[in-house]
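Number of protein chains: 4
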Amino acid sequence: MPEAPVAHKIRILFLDVDGTLTDGVIGFAGERDFRNFYVRDGLSLEWARDLGVLPIVISGRSSPSVAARMAEHEFEHYLGIKDKVAVADQVRAREQVRWEECAMLGDDLPDLPLLKRVGWPIAVADAAPEIRAFVKTTTQARGGRGAAREVVEMILRHNGVWDRVLERYEAK
Amino acid sequence: MPEAPVAHKIRILFLDVDGTLTDGVIGFAGERDFRNFYVRDGLSLEWARDLGVLPIVISGRSSPSVAARMAEHEFEHYLGIKDKVAVADQVRAREQVRWEECAMLGDDLPDLPLLKRVGWPIAVADAAPEIRAFVKTTTQARGGRGAAREVVEMILRHNGVWDRVLERYEAK
Amino acid sequence: MPEAPVAHKIRILFLDVDGTLTDGVIGFAGERDFRNFYVRDGLSLEWARDLGVLPIVISGRSSPSVAARMAEHEFEHYLGIKDKVAVADQVRAREQVRWEECAMLGDDLPDLPLLKRVGWPIAVADAAPEIRAFVKTTTQARGGRGAAREVVEMILRHNGVWDRVLERYEAK
Amino acid sequence: MPEAPVAHKIRILFLDVDGTLTDGVIGFAGERDFRNFYVRDGLSLEWARDLGVLPIVISGRSSPSVAARMAEHEFEHYLGIKDKVAVADQVRAREQVRWEECAMLGDDLPDLPLLKRVGWPIAVADAAPEIRAFVKTTTQARGGRGAAREVVEMILRHNGVWDRVLERYEAK
Numbered sequence: 001m002p003e004a005p006v007a008h009k010i011r012i013l014f015l016d017v018d019g020t021l022t023d024g025v026i027g028f029a030g031e032r033d034f035r036n037f038y039v040r041d042g043l044s045l046e047w048a049r050d051l052g053v054l055p056i057v058i059s060g061r062s063s064p065s066v067a068a069r070m071a072e073h074e075f076e077h078y079l080g081i082k083d084k085v086a087v088a089d090q091v092r093a094r095e096q097v098r099w100e101e102c103a104m105l106g107d108d109l110p111d112l113p114l115l116k117r118v119g120w121p122i123a124v125a126d127a128a129p130e131i132r133a134f135v136k137t138t139t140q141a142r143g144g145r146g147a148a149r150e151v152v153e154m155i156l157r158h159n160g161v162w163d164r165v166l167e168r169y170e171a172k
Numbered sequence: 001m002p003e004a005p006v007a008h009k010i011r012i013l014f015l016d017v018d019g020t021l022t023d024g025v026i027g028f029a030g031e032r033d034f035r036n037f038y039v040r041d042g043l044s045l046e047w048a049r050d051l052g053v054l055p056i057v058i059s060g061r062s063s064p065s066v067a068a069r070m071a072e073h074e075f076e077h078y079l080g081i082k083d084k085v086a087v088a089d090q091v092r093a094r095e096q097v098r099w100e101e102c103a104m105l106g107d108d109l110p111d112l113p114l115l116k117r118v119g120w121p122i123a124v125a126d127a128a129p130e131i132r133a134f135v136k137t138t139t140q141a142r143g144g145r146g147a148a149r150e151v152v153e154m155i156l157r158h159n160g161v162w163d164r165v166l167e168r169y170e171a172k
Numbered sequence: 001m002p003e004a005p006v007a008h009k010i011r012i013l014f015l016d017v018d019g020t021l022t023d024g025v026i027g028f029a030g031e032r033d034f035r036n037f038y039v040r041d042g043l044s045l046e047w048a049r050d051l052g053v054l055p056i057v058i059s060g061r062s063s064p065s066v067a068a069r070m071a072e073h074e075f076e077h078y079l080g081i082k083d084k085v086a087v088a089d090q091v092r093a094r095e096q097v098r099w100e101e102c103a104m105l106g107d108d109l110p111d112l113p114l115l116k117r118v119g120w121p122i123a124v125a126d127a128a129p130e131i132r133a134f135v136k137t138t139t140q141a142r143g144g145r146g147a148a149r150e151v152v153e154m155i156l157r158h159n160g161v162w163d164r165v166l167e168r169y170e171a172k
Numbered sequence: 001m002p003e004a005p006v007a008h009k010i011r012i013l014f015l016d017v018d019g020t021l022t023d024g025v026i027g028f029a030g031e032r033d034f035r036n037f038y039v040r041d042g043l044s045l046e047w048a049r050d051l052g053v054l055p056i057v058i059s060g061r062s063s064p065s066v067a068a069r070m071a072e073h074e075f076e077h078y079l080g081i082k083d084k085v086a087v088a089d090q091v092r093a094r095e096q097v098r099w100e101e102c103a104m105l106g107d108d109l110p111d112l113p114l115l116k117r118v119g120w121p122i123a124v125a126d127a128a129p130e131i132r133a134f135v136k137t138t139t140q141a142r143g144g145r146g147a148a149r150e151v152v153e154m155i156l157r158h159n160g161v162w163d164r165v166l167e168r169y170e171a172k
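So the sequences go chain by chain: A, B, C and D. For the first sequence, the numbering used here begins at 1 and goes up steadily by one. For the second sequence, the numbering used here begins at 1 and goes up steadily by one. For the third sequence, the numbering used here begins at 1 and goes up steadily by one. For the fourth sequence, the numbering used here begins at 1 and goes up steadily by one.
Derived from the structure by calculation, the hints contain no laboratory data. Please read these numbers as outputs of a predicted model, since none were measured by experiment. C-beta atoms are modelled at their ideal positions from N, C-alpha and C, and glycine is treated no differently. A couple of the hints might just be wrong.
Claimed, not checked - Result set (BS3-like, lysine-lysine): computed pairs, CA atoms no more than 27 Å apart in a straight line: (1) A:LYS116 <-> A:LYS82; (2) B:LYS172 <-> B:LYS116; (3) C:LYS172 <-> C:LYS82; (4) C:LYS172 <-> D:LYS172; (5) B:LYS172 <-> C:LYS116; (6) B:LYS172 <-> C:LYS9.
Claimed, not checked - Estimated spans, in silico, between C-beta atoms of each pair: (7) A:ARG168 <-> C:ARG132: 40 to 46 Å; (8) C:GLU31 <-> B:GLU167: 54 to 60 Å; (9) D:GLU76 <-> C:LEU79: 36 to 42 Å; (10) C:ALA133 <-> D:ASP163: 15 to 21 Å; (11) A:ALA7 <-> D:GLU76: 51 to 57 Å; (12) A:ASP89 <-> D:ASP163: 23 to 29 Å; (13) D:GLU76 <-> A:LEU51: 47 to 53 Å; (14) B:ARG98 <-> A:ARG168: 23 to 29 Å; (15) B:ALA133 <-> A:PRO5: 14 to 20 Å; (16) D:GLU95 <-> C:LYS172: 50 to 56 Å; (17) A:ALA133 <-> D:ASP89: 39 to 45 Å; (18) A:ALA125 <-> C:ALA93: 51 to 57 Å.
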């Protein structure tokens, strides 16, 4: 488990979608688009929300399939966003959270501007080389295959509340 | 083939869905959810049922795609279940089977309470570390890619009826 | 390229579907089933048909998605078949072809009875161990990822007509 | 980064679809066909277009799902094409571009005639052996998993404009 590069507790986790919460596949079945999400990523983001780390999902693309997945978990999400930093900054201000208290998980160049703002920038294992070169932490798991789960565990351990997840499932 | 940690024959096999009977992908095509199952897992669970091992599928989530797959095989299934132990206990009592005569195959923390009850708790190869640390048997195959098939063969061998599968297909 | 275990030219190639022409995934999107086929497998089966090797697809299951794929290529196919040997025998008799002139590609126990009849039984790389133990040839490629293509090339080379495929694409 | 086999700048990039912009899976969900594309491939082809390299997509097959993906990016595309060379030649003439100024990315035998015409023929990592044997450059990434992205970066570096991509995302 890598050491967190911040002293403060993390209060917001920004997440990209394609390649981060999915494996990067953008499918089409006829004219209907589809995405591959991962059960453990969604579950862990619910734990984060329950334990004081707000997941905020920001995607550069609009997609009915992404909206459906977000609705299922009732995650706060922003789709079709050109300027991810501006959206993140608004949420951050509303929540009265400083950039040092934010983490961000991404995989590709469009995520870089926001990764540069947050206190804890994190890349999925199969992120673009430019992203892995910049961040301080890279997950073992690939995007859409447990990267978000790994990040949630890192952050909840850093925040000192991971044991509360384990207790919920008789794992402690 | 690992040795079974129980002396009794196994009469019920409880199974999780996402990450166990599927590869963990929860897909959305527009608003329609989808899942990836595996042909050999479903076929082997039919052998189990024919040969005296009742497959009982219990998922924490509700999903039309999971319901459709279960209906195809006419497997007894419970979806959207918060307390898996309570549901399993009811089935067990109805079938007049003791916990020691039950096996369970799972992959993640929500499966742990039920894994702790059964005589033979089993994890898929790519289960969460907390699950692999607890169970006595971990399959070689991943969830949704033959883990259930491997478990059915283990149980039917343990129960002394595997040859009847081979005979059915001229394999013996 | 393995040597063919038969002296005669191959005139019919029997093929299983799930796990052979697909990767074994049986998906459901809502109540609609889906399958993953592979572009190079379908293309190569068209070459086989054009060059005197009739592809006959026989599946134990019925599925609208399999029927759609077969229709796209206009391959002769039989779905929902309990007794694959009986169906294959009828086609064989109609075509006036002896069992020694037939090949079969399969992946799992339900394919074994037919594999035992044909002159050239072949397993996909990720076939069940009982199948790999029986056949004389196992492909390098997995089911639904080029196994059929590999088999078509093997058979057309054996039949002495592979160069005609290469010539068609200026590859010779 | 391999050296380009041409002295001129590349002005057109021809691309195959199945196995090149997708992973080769041709899926069917009921009667509806589907394809797996990759987020980073589509994004990079937009960079190419913005920076003077015209992406032209030519497929031997017709498919509503491919048409939907192409429409999303507004890429010029030709589906159901028997003679890829003829179509490419028309586009080339219209754009007043010589064959030496064209690149082509493909994966299988039907791509070979066009690969033989262009100045810079390129194969995806998992291309058919006949294709890899012919081209001068083979990508590290597989088809539908970043091969097109890798090619776009190679071409834009060769053309001397890759830094403009990096600048757009604060990566330089």
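Results of checking the hints against the structure:
With a C-alpha separation of about 16 Å, the suggested pairing of A:LYS116 with A:LYS82 holds against the 27 Å cut-off. With a CA separation close to 37 Å, the supplied pair B:LYS172 and B:LYS116 exceeds the 27 Å bound. Between C:LYS172 and C:LYS82 the CA atoms are separated by roughly 43 Å; this puts the pair beyond 27 Å, and the hint is violated. Between C:LYS172 and D:LYS172, the direct Cα distance comes to roughly 47 Å. Violation of the 27 Å bound is thereby established for this hinted pair.
The hinted pair formed by B:LYS172 and C:LYS116 meets the criterion: a straight-line CA distance of about 13 Å does not exceed 27 Å. This hinted pair does not check out: B:LYS172 and C:LYS9 have alpha carbons roughly 30 Å apart, beyond 27 Å. One distance hint, 40 to 46 Å for the beta-carbon pair A:ARG168 and C:ARG132, holds here, with the actual separation near 44 Å. About 35 Å separates the C-beta atoms of C:GLU31 and B:GLU167, a value inconsistent with the hinted range of 54 to 60 Å.
In this structure, D:GLU76 and C:LEU79 meet the distance hint of 36 to 42 Å, their C-beta atoms being roughly 39 Å apart. A hinted range of 15 to 21 Å for the beta carbons of C:ALA133 and D:ASP163 is inconsistent with their spacing of about 57 Å. One distance hint, 51 to 57 Å for the beta-carbon pair A:ALA7 and D:GLU76, holds here, with the actual separation near 52 Å. At roughly 27 Å, the beta-carbon separation of A:ASP89 and D:ASP163 lies within the given 23 to 29 Å, and the hint holds.
Checked against the hint of 47 to 53 Å, the pair D:GLU76 and A:LEU51 passes, with Cβ atoms roughly 50 Å apart. Restraint check, B:ARG98 to A:ARG168: a C-beta distance of roughly 28 Å satisfies the suggested window 23 to 29 Å. Checked against the hint of 14 to 20 Å, the C-beta distance between B:ALA133 and A:PRO5 comes to roughly 29 Å, which is inconsistent with it. With their beta carbons about 32 Å apart, D:GLU95 and C:LYS172 fall outside the hinted range of 50 to 56 Å.
Between A:ALA133 and D:ASP89 the beta carbon distance is about 42 Å. The supplied range of 39 to 45 Å therefore holds. Between A:ALA125 and C:ALA93 the C-beta distance comes to about 55 Å, which sits within the given range of 51 to 57 Å.
Going down the numbered hints, you'll see the structure goes against 2, 3, 4, 6, 8, 10, 15 and 16, while the others check out.
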